[in-house]
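Visitor: In case you want the letters, here they are:
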Amino acid sequence: MPKIRIPSPLRTYTDGQAEVEVHGGTVAEALEGFMSQFPALRQHMFNGQGDLRPFVNLFLNNEDIRHLEGLDTSLQDNDRLMIVPSIAGGRGKDLPAVDHSALRTNQAFIIGLSILAFVFDAPWLAGLVAVAMAIGTILGVPGFGFIYKGLLKPRGWVRPEILHDNPEPHRFAQGLGAVFLVAGVLALFAGFPLLGWSLVWLVIALAALNLFVGFCAGCAVYYWLNRLRVPGFVKSPPDQTFPGMRPKAKA
Amino acid sequence: MTLEIPAGTMKEIHLQGEQAYPEEGAGLLLGKLDGDRKRVLSVVLLDNQREEQARRNRYLLGPGDYLLGEEEASRLGLEVLGVFHSHPDHPNLPSDFDRDWAWPVFTYLITSVWSGKAGESRAWRLVEDRSGFAEEPVAIVDP
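Line by line, the protein sequences are chains A and B. End of the first sequence sits at 251 in my numbering; the numbers just go up one at a time, nothing left out. End of the second sequence sits at 143 in my numbering; the numbers just go up one at a time, nothing left out.
Treat each hint with caution, since some may be false.
Stretches of chain A that chain B covers, calculated by requiring three or more beta carbons in the stretch to come under 8 Å of a beta carbon on chain B [what the hints assert, rightly or not]:
hint, segment
1, 48 to 59
2, 199 to 211
List time: in silico DSS-like cross-link candidates among lysine-lysine, alpha-carbon distance up to 30 Å [claimed, not checked]:
hint, chain 1, residue 1, chain 2, residue 2
3, A, K235, A, K153
4, A, K149, A, K235
5, B, K32, B, K11
6, B, K11, B, K117
7, A, K3, B, K32
8, A, K248, B, K32
Below, a sample of chain A positions facing chain B; criterion: calculated Cβ distance under 8 Å [to be verified]:
hint, residue
9, S8
10, G16
11, Q17
12, P39
13, Q43
14, H44
15, I87
16, A88
17, G89
18, R91
19, G127
It should be emphasised that the hints constitute simulated quantities derived from the structure, not laboratory data. Virtual Cβ for every residue (Gly too), placed ideally from N, Cα, C.
Using the sequences provided together with the hints, build the complete structure.
Guide: Structure follows, in structure tokens:
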């Protein structure tokens with residue numbers, strides 16, 4: 001019968017045995033038999049989709065089965081299948097690259113247009129800002145990011161500032177801003193100017209806090225919901241960054 | 001389970017982390033399991049197999065490295081107890097990436113290296129359901 005050689009971290013699951021005999025005409029069959037003999041091993045060898053984990057290497061008589069026929073490789077009676085670990089890891093996963101210049105351009109336009117809306121008493125303009133933010137949120141981009149991408153960046157007027165950051169909290173923050181702004185505009189059209197403009201100014205103030213201080217209040221709310229384990233809020237703040245503050249790590 | 005490690009061996013591990021800085025250094029811990037004691041008696045210093053651009057935040061020991069470790073262990077009458085690696089300018093806590101790739105039972109000894117100087121090392125072991133790590137106390141012993 002073919003044999004499977006077990007590496008030291010897995011021997012706890014095989015009653016200390018370094019080698020066990022298995023049945024099966026292929027590597028897949030042999031592994032299946034092996035797993036049913038020692039079921040606690042399965043989650044360490046295979047992922048949730050039933051694929052072999054990437055750090056599990058199988059060598060058939062010293063040859064990696066990836067260079068043979070993979071799991072379909074046939075086994076002979078005297079074959080020796082070795083499970084050989086790859087060992088990997090490392091400090092925190094690199095977060096995606098987020099261009100903070102696009103975010104800041106967005107904030108600058110939100111602030112500028114909302115102030116113009118207030119000065120000229122033009123609720124429709126605040127409404128336009130809200131629509132841009134809502135569309136941006138749906139598309140997962142800054143609402144006024146197209147101005148940065150199409151004009152400011154190509155002309156070199158605004159330089160990219162690419163940081164390792166989570167994009168999701170920024171998207172959430174923009175969505176939250178859009179909700180406040182929509183509520184404000186609805187209040188304005190419904191004849192509640194004090195409430196309406198207060199909400200518009202709240203959005204202006206929070207966008208300014210982000211633009212000038214680097215603190216994203218909506219992101220802080222996101223991370224707070226993450227800490228409370230609210231479903232859907234899966235990202236935690238970047239390493240050594242106060243929740244909501246702009247991260248320091250340049251991509 | 002406490003990880004017992006001789007002062008000189010810990011020094012070797014720290015030195016390797018400092019030499020690898022700003023990249024991650026790694027190797028294998030060899031030793032003996034005696035009931036409730038996990039005694040490190042030797043280490044195998046290895047080269048980080050990751051590509052150059054990734055070595056600052058990733059390490060990889062390939063199957064050949066592991067086999068080398070097992071060979072050395074059986075030569076010395078020991079077994080491979082786990083792995084050590086450095087986190088340059090980073091806390092000595094296991095990352096999600098460490099968890100995704102972790103083997104059960106193995107001890108993962110992580111050393112912070114701050115601006116090229118090795119700091120404290122802490123030992124971790126994957127919990128059975130792979131949801132996180134449990135800390136293993138480290139005891140520095142005289143050889």
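Visitor: Each hint: holds or not?
Guide: Going down the list of hints, with the structure as the test:
1. 48 to 59: Holds, because 4 residues of the segment 48 to 59 of chain A bring their Cβ atoms closer than 8 Å to Cβ atoms of chain B.
2. 199 to 211: violated (count 0)
3. A:K235 with A:K153: Holds - the C-alpha atoms of K153 of chain A and K235 of chain A are around 28 Å apart, at most 30 Å.
4. A:K149 with A:K235: Judged against 30 Å, a Cα distance of about 26 Å means the pair holds.
5. B:K32 with B:K11: Holds, at roughly 19 Å.
6. B:K11 with B:K117: holds, 12 Å
7. A:K3 with B:K32: Holds, at about 26 Å.
8. A:K248 with B:K32: violated, 43 Å
9. S8: holds, 5 Å
10. G16: violated, 10 Å
11. Q17: violated, 13 Å
12. P39: violated, 13 Å
13. Q43: Because about 6 Å separates Q43 of chain A from the closest Cβ in chain B, which is inside the 8 Å limit, the hint holds.
14. H44: holds, 5 Å
15. I87: Because about 4 Å separates I87 of chain A from the closest Cβ in chain B, which is inside the 8 Å limit, the hint holds.
16. A88: holds, 4 Å
17. G89: With a closest approach of 4 Å, the G89 of chain A hint holds.
18. R91: The hint holds - R91 of chain A has a Cβ within 8 Å of chain B, the shortest such distance being about 4 Å.
19. G127: violated, 42 Å
In terms of the numbered hints stated before, the structure departs from hints 2, 8, 10, 11, 12 and 19, listed from lowest to highest.
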